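Chemist: Now for the letters of each chain:
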Amino acid sequence: MAMAALRREGRRFAPLISPRPITAVRSSPIVPTHEYEGPIGVRHISTQVVRNRMKSVKNIQKITKAMKMVAASKLRAVQTKAENSRGLWQPFTALLGDLPSVDVKKNVVVTISSDKGLCGGINSTSVKISKGIYKLNSGPEKETKYVILGEKAKAQLIRDSKKDIELIITELQKNPLSYTQVSVLADEILKNVEYDALRIVFNKFHSVVSFVPTVSTVLSPEIVERESESGGKLGELDSYEVEGGETKGEILQNLAEFQFSCVMFNAVLENACSEQGARMSAMDSSSRNAGDMLDRLTLTYNRTRQASITTELIEIISGASALEG
Amino acid sequence: MTLNLCVFTPNRIVWDSEVKEIILSTNSGQIGVLPNHAPIATAVDIGILRIRLNDQWLTMALMGGFARIGNNEITILVNDAEKGSDIDPQEAQQALEIDEMHNLACLFVNVK
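From first to last, the protein sequence lines are chains Y and S. The first sequence begins at 13 in the working numbering and counts up by one. The second sequence begins at 29 in the working numbering and counts up by one.
Hint data in this document are derived by calculation from the structure and do not stem from the laboratory. Values in this document were obtained by computation on a predicted structure and should not be read as measured data. Be aware that one or more of the hints could be misleading.
[Claimed, not checked] Using C-beta positions, here's what the derived DEER-type ranges look like: (1) Arg80(S) to Gly261(Y): 29 to 35 Å; (2) Arg80(S) to Leu130(Y): 25 to 31 Å; (3) Gln121(S) to Gly129(Y): 46 to 52 Å; (4) Ala106(Y) to Gln118(S): 39 to 45 Å.
Every residue, glycine too, gets a C-beta built ideally from N, C-alpha and C.
Starting from the given sequences, assemble the full structure and let the hints guide the process.
Modeler: Structure (structure tokens):
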């Protein structure tokens, strides 16, 4: 839209710069064919319009700069929490292994996204991956369900996968994230959804400019038993003597629940970090674009101003010379 | 031979260094762990973890979780943990009294 406006302004100047006499330009038949706002007979865009545009672009630049700084400070706060929570799920992976390729009947995809927008493409990538997992795991006797955390994924997934959504949870970040809150959430999910494998999709925070979409898999205890019999990483589980309860199954159940809530906690924190980082870079590029646009508009403004001054002078001079001679 | 002990809570890493021996409290009783213990995965009750470094015992309060003992590596994941030296007895006593009063008040409400 900005480019179209500039083009219109450019075309308006063409008759002035051309070698045609001024009087011809005044009543030039070319003028009506230009599409511009303003009554026919006005030869140049009013500087008022350009000045208004410049003011609004400058305001946008200020707002996006402020949003970037806010996102930077929020990022610092969440980043330390996320790094501390990383140590939580590593022992689970060491004990049980991470098997994304496990073949199960009932998959549940937990998509974690943000509530607010203006954060770049992270929510779209999460949704894309969730849909990909859904496609991968669809087939006879297999079913995949969604559990959605966050408004943005809800908006995107509700459009075409409405019947597969089990649970939607929004406004997660209203209160500062704590483990108790997430474990309550995890409990809710485990109660309401039957699953063989839970796949949590989130954006892992590697650095301020890199957010990698990741999938963490948490298996239900029955599948863990099944896989441990078939050997591999989980086979080592049998070498551990499991204590602390009535039966091994009960311990594995508790372990699976604990694992799920730990992994969820880490996933939610990492996603929050990625959201702030993505918002920082989106707002940064937005302020830079606004700056560029402001430069172009300033040039246009100056040209307009100088053109109007030139026409004033020429009118005066030609009027004076007409009087004399 | 020393054991490498890591105690994690969701918010922070409470302990990550080498120890000589630990005493862990599970729901089937207290177990002592020395170097070269057999591999065990167990649930940890709300209780006290005792750590021995060179003949000096340290205590830590754990709020329940899981423990995994591998080849001389112990990983304990708990909901919350506090080092004994960080606990102020006065504060703890006050918190205890407040909780007891709170429990009594809840009883009253229920009875009504």
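Chemist: Would you mind marking each hint as holding or not holding in the structure?
Modeler: Checked hints:
Hint check: arginine 80(S) to glycine 261(Y), Cβ distance near 34 Å, so the stated range 29 to 35 Å holds. Separation of arginine 80(S) from leucine 130(Y) is about 54 Å and departs from the stated range, judged on CB atoms against 25 to 31 Å. Checked against the hint of 46 to 52 Å, the C-beta distance between glutamine 121(S) and glycine 129(Y) comes to roughly 50 Å, which is consistent with it. Distance hint for alanine 106(Y) and glutamine 118(S): a CB-CB separation of about 40 Å, consistent with the stated range 39 to 45 Å.
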